[in-house]
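Student: Sequence:
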Amino acid sequence: MLNFLKKITYQDIIFYFLCISLFIVFLMPFMPYSTLNLIKTSSGGKTIYLNDILSENLYLFKVRYLIFYYTLCICSIAIIFNKKLLAKLINYFKSFSKLVQTSIGLFFIFGLISSSFAISPSIAFKGISVTFLQFICVMFVAHYASQNFAAIKKIYTIVLLSLIFFGGSLFLHLLLSNFSIYGQVIAGNIQKVLLYTYNCLNPRFLDNYFSWFIPLLLLPWFVNLRPIFRLGSLVALVMVWFVLINHAFRTVVAEYIIILPLLALYNRKMFKLILKIFTVTIVIAIVINFVYINYIMAVPNQEVSTIFRYDTSGRMSVWIEAFKIGLEHPFTGIGQWNYIAITKYDFAGYPHNLLLEIWSQWGIPAFIVAIIVIFNAIKNLFRERIEICVNPYYCMFIMMLTAGMIDSMLNAMFKTSLGLFGCVFVFGFCLSIFKPNVQQQSIEVSGLTFLITRLAVFGSLFCIVVLPLIFSPMWI
1 MLNFLKKITY QDIIFYFLCI SLFIVFLMPF MPYSTLNLIK TSSGGKTIYL NDILSENLYL
61 FKVRYLIFYY TLCICSIAII FNKKLLAKLI NYFKSFSKLV QTSIGLFFIF GLISSSFAIS
121 PSIAFKGISV TFLQFICVMF VAHYASQNFA AIKKIYTIVL LSLIFFGGSL FLHLLLSNFS
181 IYGQVIAGNI QKVLLYTYNC LNPRFLDNYF SWFIPLLLLP WFVNLRPIFR LGSLVALVMV
241 WFVLINHAFR TVVAEYIIIL PLLALYNRKM FKLILKIFTV TIVIAIVINF VYINYIMAVP
301 NQEVSTIFRY DTSGRMSVWI EAFKIGLEHP FTGIGQWNYI AITKYDFAGY PHNLLLEIWS
361 QWGIPAFIVA IIVIFNAIKN LFRERIEICV NPYYCMFIMM LTAGMIDSML NAMFKTSLGL
421 FGCVFVFGFC LSIFKPNVQQ QSIEVSGLTF LITRLAVFGS LFCIVVLPLI FSPMWI
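So that you can map any letter, position 225 of the sequence shown is 225 in the UniProt record's numbering, and since no number is skipped, the others follow by simple counting.
Among these hints, one or two may not hold up.
To be verified - Using 30 angstroms as the maximum straight-line C-alpha spacing, the simulated DSS-like pairs for lysine-lysine come out as follows:
1. K435 - K62
2. K83 - K344
3. K435 - K6
4. K6 - K98
5. K379 - K272
6. K62 - K6
7. K94 - K40
Stated by the list, open to error - Label pairs and their in silico Cβ distance ranges:
8. R383 - L176: 53 to 61 angstroms
9. T47 - A341: 32 to 40 angstroms
10. A78 - I443: 19 to 27 angstroms
11. N82 - N437: 50 to 58 angstroms
12. I48 - L273: 56 to 64 angstroms
13. P261 - N82: 40 to 48 angstroms
14. I228 - V287: 20 to 28 angstroms
15. Y16 - L50: 28 to 36 angstroms
16. A264 - V223: 48 to 56 angstroms
17. L50 - P468: 28 to 36 angstroms
18. F471 - T279: 23 to 31 angstroms
19. L161 - K435: 28 to 36 angstroms
20. E384 - K272: 17 to 25 angstroms
What the hints contain is simulated information worked out from the structure, not anything from laboratory work.
C-beta: ideal position from N, C-alpha, C; glycine also.
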């Protein structure tokens, strides 16, 4: 044990802290959840009582974000106070092309300008600051993973344990639903009750987590891990498909309609094995779902929507609105996290499309430089396609990235705590593919660069922690 502790480095501590925070955020549903909150009100001269569960449990929703925000803050502070580590991250950034460096810099500058003209500047500056600290942590994960592939096994273990714990609790709840004090109909309704109860009022938290990390569960079949991990991944995948079937989450279908053909084109052997694993686990999940609904659930057929539904869930009208808002505020947008102040579609909250979120909230100039970075990333990945195809880790990274980005084009992936947290790891892993050479890593960093970076981090900390106390946010 003592030898193990001696081997832990400063960078290990930061990475472990990120992993543990992700684990806690995912398992937040295991905190106390109130199922009864009677509110006295009057209607038609009569006194009635309503069960307001939403407001009673809203703290769970907020605490998830607080853990995410302060994790970013703590990790960023730890990074900037280690001069050697900070120099390595700056050199990693300098290994990007000049065009990408300039585009990223302009992206954040346009974000600051946008925040200055936002409806609620306090919220907008907080949003841009969170994005910047995410970028710092992404660079750290990229550097850490490029030095040591063991990092991938660590995050795999965290994801696997979180899903098994979640699945075990959900399984026990389902088995005991017929004896619940809240009634059989309520306790046995997976779609309308359990996914909300276990997921802090919003099932999309689960969906985003699955989109980022389903490919990671395939790791034991492609790298040297003990057989017990294959069994664990099999159980976790069955649980994932079971939840997705009941939640009727269609985006995951779109993700793998794109991912699997690309995999078949570039790595036929991996495609065949993944297809077998997915087929087996999906069939098992369907059988378990059939048995539960028809033989265990007190009141069968509790699903209220299906994965085969054809409506757009209101997406099209929201996308059109977001596009028009961008045209009405072309240079500055309406400010990060300010969309809900102007939208007439309260049910949606945000545009449910990453590019339209940038277009409408950051402005068209920020949108243009974001597109430049995206196109350069795609070009560089295509250039490295041979090395990516022969390396199972790299294949997993690209699958995770592709799934997450497809999700972000159809859902509010970058507005949920797990969606934001997941992107820190996935973006970092994908950036680790492009390792700076020894010469680039040994370049001496100027004192001015250190100063600007630290000031940017301290400014972000101020906007996240202090600014909301001075100027109370209007809606967050």
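Student: Hint compliance check: list the failing hint numbers for this structure, sorted ascending.
Tutor: 1, 2, 4, 6, 7, 11, 15, 16 and 18
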